[in-house]
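Colleague: Work the whole structure out from these sequences, hints included.
Same order as they appear, the protein sequences are chains E and Z.
Position 419 of the first sequence, counted from 1, bears residue number 419 in UniProt numbering, the numbering being contiguous throughout.
Position 204 of the second sequence, counted from 1, bears residue number 204 in UniProt numbering, the numbering being contiguous throughout.
Keep in mind that a hint or two might mislead.
Stated by the list, open to error - Straight-line distance between alpha carbons at most 30 Å, and here's what the computed DSS-like set of lysine-lysine pairs gives: (1) Z:413 to Z:372; (2) E:428 to Z:163; (3) E:180 to E:115; (4) E:163 to Z:417; (5) E:129 to Z:180.
To be verified - If you want the footprint, here are the derived chain Z segments under chain E, 3+ residues with CB under 8 Å: (6) 30-39; (7) 66-76; (8) 95-103; (9) 109-117; (10) 129-140; (11) 144-151; (12) 175-189.
What the hints assert, rightly or not - Facing chain Z, a subset of chain E residues (Cβ under 10 Å, in silico): (13) 85; (14) 140; (15) 143; (16) 316; (17) 434.
Worth flagging that the hints you see were computed from the coordinates, not collected in a lab.
Each residue gets a CB set at the ideal place from its N, CA and C atoms; glycine is no exception.
Protein chains: 2
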Amino acid sequence: MFSSYRLPWNKFKPHAWIPVRLAHITRLSDLFQPLSIAPTNQDNSGKTDDAVSRSQKLLLETGMVSPGSAPGTFNLHPLFMRSVEKLTKLIDDELRTIRCQKISLPSLQDASMWKSTNRWSLMGSEMLKFQDRLERHCCLGPTSEEAVTSLVATHMHNASYKKFPLRLYQIGPKFRDEMKPKYGLLRAREFIMKDLYTFDTSEENAKISYDAVVSAYENLFARLQVPFVKAEASSGAMGGTKSHEFLLPCESLGEDTLRVCTKCGATFNAEIKANQGAACSACSSTTELDTVKAIEVAHSFLLGTQYSRKLGANFVGQDGKSNSLVMGCFGIGVTRLIAACIEVISSGDRIRWPLAISPYGICVITPKAGSKEASAGGLLAMQAAVKLDQLPQGNGEVVVDDRDDLTIGRRLKDAQKSGYPMIVVVGKTALDEVPKIEMHYQEGDQDRSMILSLDELLDLFRAEEPALDSTNNDPNSVRL
Amino acid sequence: MFSSYRLPWNKFKPHAWIPVRLAHITRLSDLFQPLSIAPTNQDNSGKTDDAVSRSQKLLLETGMVSPGSAPGTFNLHPLFMRSVEKLTKLIDDELRTIRCQKISLPSLQDASMWKSTNRWSLMGSEMLKFQDRLERHCCLGPTSEEAVTSLVATHMHNASYKKFPLRLYQIGPKFRDEMKPKYGLLRAREFIMKDLYTFDTSEENAKISYDAVVSAYENLFARLQVPFVKAEASSGAMGGTKSHEFLLPCESLGEDTLRVCTKCGATFNAEIKANQGAACSACSSTTELDTVKAIEVAHSFLLGTQYSRKLGANFVGQDGKSNSLVMGCFGIGVTRLIAACIEVISSGDRIRWPLAISPYGICVITPKAGSKEASAGGLLAMQAAVKLDQLPQGNGEVVVDDRDDLTIGRRLKDAQKSGYPMIVVVGKTALDEVPKIEMHYQEGDQDRSMILSLDELLDLFRAEEPALDSTNNDPNSVRL
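Modeller: In structure tokens, the structure reads:
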């Protein structure tokens with residue numbers, strides 16, 4: 001009866017995708033990765049400065065990013081883009097889990113709504129302001145409290161309390177005309193930010209949203225496997241009643257100073273702790289507070305009703321009365337977080353990526369052109385690359401360094417500097433009776449290697465769980 | 001020997017993702033989709049205008065987008081974002097197939113490079129220009145020929161001819177201060193664009209890149225299953241030697257006029273055909289040329305060396321000599337293309353999406369609250385949603401309309417207006433001895449429906465191929 005009906009999508013035949021996949025294994029000879037960008041810190045005056053951060057130096061020298069035409073802006077190159085896309089997916093996954101919905105608000109914003117919250121003048125020259133062709137005052141959004149609150153005020157005007165919580169977020173470019181852009185992506189004037197806004201019907205419900213987001217942040221940092229600190233912070237210019245910062249401890253470069261209670265571990269931004277005396281406000285201990293330097297990568301604010309009141313974002317409660325929505329706002333500096341991870345977990349001369357956002361998991365190095373093993377080893381290397389890519393554990397995670405006019409040693413060094421977690425080298429041992437492959441990786445600060453047949457290498461991978469789940473973490477294909 | 005070694009990613013255990021997936025089926029009661037936005041055309045003066053396009057009306061009325069604070073800007077809501085993300089993946093896939101590499105260039109650009117190509121004055125007030133806090137002249141990139149050519153000139157200065165072709169693209173916001181923003185996303189001031197730039201070592205090689213991109217575009221339109229036209233066009237302000245436009249024919253709204261040879265089918269933009277007389281320049285026929293109106297959604301330009309010469313993007317050839325790289329540039333208006341598809345394939349009162357970029361493939365409507373079938377039918381509906389979502393053919397493609405204070409008839413109408421290709425309704429027939437489900441879909445302009453048991457429904461889906469490939473087209477998980 002229904003067998004004659006074809007679902008509409010059957011009419012579409014995807015063009016053969018399996019051969020395409022294999023052809024898709026990236027080769028470094030094709031890759032845009034200029035390996036010799038001299039790192040200089042470009043401050044806002046356009047002058048250069050010696051104070052270059054470790055992440056900036058490594059990301060520039062490995063050709064992952066380069067300075068844009070305007071100070072404090074960066075071109076993101078293909079490898080770095082993969083990391084951005086992987087992190088985006090991790091964030092999407094964590095936020096969808098707590099029922100956040102993805103939207104996109106324009107960067108080009110009208111002055112009027114910023115004036116109604118008084119932030120047009122409060123943000124001052126940190127905001128990029130200008131006039132359009134009809135001389136209307138506009139700005140580039142440094143953040144979107146005004147835009148999202150206006151959106152909800154206009155299109156959910158006096159909606160029923162049943163429609164809340166509402167949790168809206170976006171991931172995209174943000175603009176801040178920093179007085180001193182520095183340390184590369186750690187303080188840029190244009191950067192990628194995730195900004196989330198929650199709308200609830202009471203302070204109590206807003207706290208539930210707040211806690212849900214904080215716990216999603218904790219999951220995210222756990223998945224990145226970076227040491228992070230959550231600190232009670234001041235709400236500052238954002239206003240509101242409760243605020244936390246998420247930071248990566250970093251003695252050399254941390255711009256935030258934290259106070260950590262040696263007894264209960266509670267952590268506070270020094271800004272607020274200075275006001276509260278020496279005793280820990282969590283456990284009331286009067287033992288000394290440790291001081292830690294750290295880089296802020298995310299924050300959370302319980303905003304209350306300050307924006308919803310000014311912009312008229314109301315709901316109708318069970319009692320039939322109209323009230324202001326209670327808001328929270330939550331940011332993650334996406335490009336900043338990647339740079340901060342590199343800053344704190346890398347050694348001075350090579351990048352270490354959090355595994356979940358490493359551009360590729362495995363780099364396969366082919367034999368040098370003209371070497372005895374070039375022919376047999378070249379085939380073996382491609383076979384290894386394709387077979388690793390076909391395993392769920394390596395799928396989409398393989399890149400081949402086929403720059404075979406360079407020695408293996410030079411390419412191994414490049415691969416280590418670029419931070420590939422696993423490096424598979426096909427060299428002289430390709431000519432063994434049972435052809436062998438070298439595998440290099442880091443364990444802690446130690447370089448390790450082992451020599452294996454291709455089957456042994458594949459078995460080793462098969463014994464592991466897939467990178468992130470049952471498929472993989474290729475930004476173009478991952479199921480999170 | 002190596003079994004004691006654990007790959008580093010094994011240390012990371014993803015938190016249980018299977019329950020999360022099931023919990024992730026979106027419910028319309030949660031979804032931000034304001035269904036009653038009055039469509040008005042907002043021109044650049046801020047005044048409203050009656051000329052509203054069909055896509056604009058439908059996208060506003062179905063709560064897919066809403067106007068931003070500045071004229072000609074739009075908030076993209078969750079359903080529309082899914083469409084954008086699906087289209088992004090299709091584009092990524094087609095471009096990766098021809099070895100394009102994804103990058104991201106800043107929107108914030110310095111005036112100097114625009115001055116060196118003279119486009120600072122050529123683009124005039126269509127470019128959003130301003131000064132930063134140090135009074136340096138900047139703009140928001142309307143396109144990125146200058147930025148990408150500078151990037152290549154700086155970091156691949158006199159690179160070997162072996163490093164080419166180089167094909168770099170990005171997908172992100174672009175800004176044009178249109179005199180008359182109109183028709184919603186068809187002519188906005190901030191919009192999402194894919195821009196691709198190719199670098200080759202000769203005019204001949206540049207043509208190979210050009211043809212590869214044109215064929216990727218053709219694949220893309222074939223996957224969208226929309227009727228498109230490729231027309232020879234004038235290079236205009238962009239300069240260069242060869243140019244094509246990709247357009248969707250649209251009598252009511254097409255701003256481009258095409259001339260089509262009735263004999264050989266060759267198509268030309270009327271701009272260039274006017275200069276070439278009445279004969280077809282492809283087949284030399286002097287029969288009449290048809291006139292067709294159409295909406296431009298993509299373009300391609302063979303630029304030659306005009307940008308590379310001015311900005312010093314050179315390579316070193318086999319002969320050891322330095323020469324200017326030969327460039328092509330290729331745009332797709334991502335948000336514009338979605339709007340244009342809706343414009344041309346929808347009927348006046350309901351959206352029709354290209355299947356490959358429909359926000360969700362299947363909408364499941366639950367029984368009305370308080371109806372006799374509410375209890376048994378509610379369970380059946382959730383069971384249907386979960387089981388459809390578990391099939392590769394429906395995975396990630398299911399949304400549940402659980403707004404059960406509304407009648408089924410009202411929700412069916414909403415679902416049809418929002419354009420879900422398949423609508424599954426659980427109503428009175430849920431109480432049949434073998435509980436039954438209605439399935440509604442469109443075939444051509446006809447509304448069709450059938451009544452099935454859950455098993456029959458699932459078998460029907462199982463008999464089909466997965467939406468786009470062996471996994472699915474959920475923007476958050478698809479393997480393309």
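Colleague: Does residue 316 of chain E pass the interface hint, meaning its C-beta sits closer than 10 Å to a C-beta of chain Z?
Modeller: violated (15 Å)
Colleague: Straight-line Cα separation of residue 180 of chain E and residue 115 of chain E no greater than 30 Å?
Modeller: Given pair residue 180 of chain E, residue 115 of chain E holds - Cα atoms ~26 Å apart, limit 30 Å.
Colleague: The segment 30-39 of chain Z covered by chain E? Criterion: 3 or more residues, Cβ-Cβ distance below 8 Å.
Modeller: Answer holds; 5 residues pass the 8 Å Cβ test.
Colleague: Given residue 434 of chain E as an interface hint, is the shortest Cβ-Cβ distance to chain Z below 10 Å?
Modeller: violated (14 Å)
Colleague: Given that the segment 144-151 of chain Z was listed as covered by chain E, double-check it with a C-beta distance under 8 Å for 3 or more residues.
Modeller: That given contact holds, which follows from 4 residues of the segment 144-151 of chain Z lying within Cβ reach (below 8 Å) of chain E.
Colleague: At a threshold of 10 Å, is the proposed contact between residue 140 of chain E and chain Z supported by beta-carbon distances?
Modeller: holds (7 Å)
Colleague: State whether the coverage of the segment 109-117 of chain Z by chain E holds or is violated, taking the criterion as 3 or more residues with Cβ-Cβ distances under 8 Å.
Modeller: With 4 residues closer than 8 Å to chain E, the segment 109-117 of chain Z meets the three-residue bar; holds.
Colleague: Would the pair residue 413 of chain Z and residue 372 of chain Z pass a check requiring their Cα atoms to be no farther apart than 30 Å?
Modeller: holds (22 Å)
Colleague: Does the segment 175-189 of chain Z contain three or more residues whose Cβ lies closer than 8 Å to a Cβ of chain E?
Modeller: holds (count 4)
Colleague: Does residue 143 of chain E meet its interface restraint, that is, does its C-beta lie within less than 10 Å of any C-beta in chain Z?
Modeller: violated (14 Å)
Colleague: When I compare C-beta atoms, does the segment 66-76 of chain Z have three or more residues closer than 8 Å to chain E?
Modeller: With 8 residues closer than 8 Å to chain E, the segment 66-76 of chain Z meets the three-residue bar; holds.
Colleague: Can the restraint linking residue 163 of chain E and residue 417 of chain Z be considered satisfied, given a maximum Cα separation of 30 Å?
Modeller: holds (21 Å)
Figure legend: structure checked against the earlier numbered hints; hints not met, in rising order: 15, 16 and 17.
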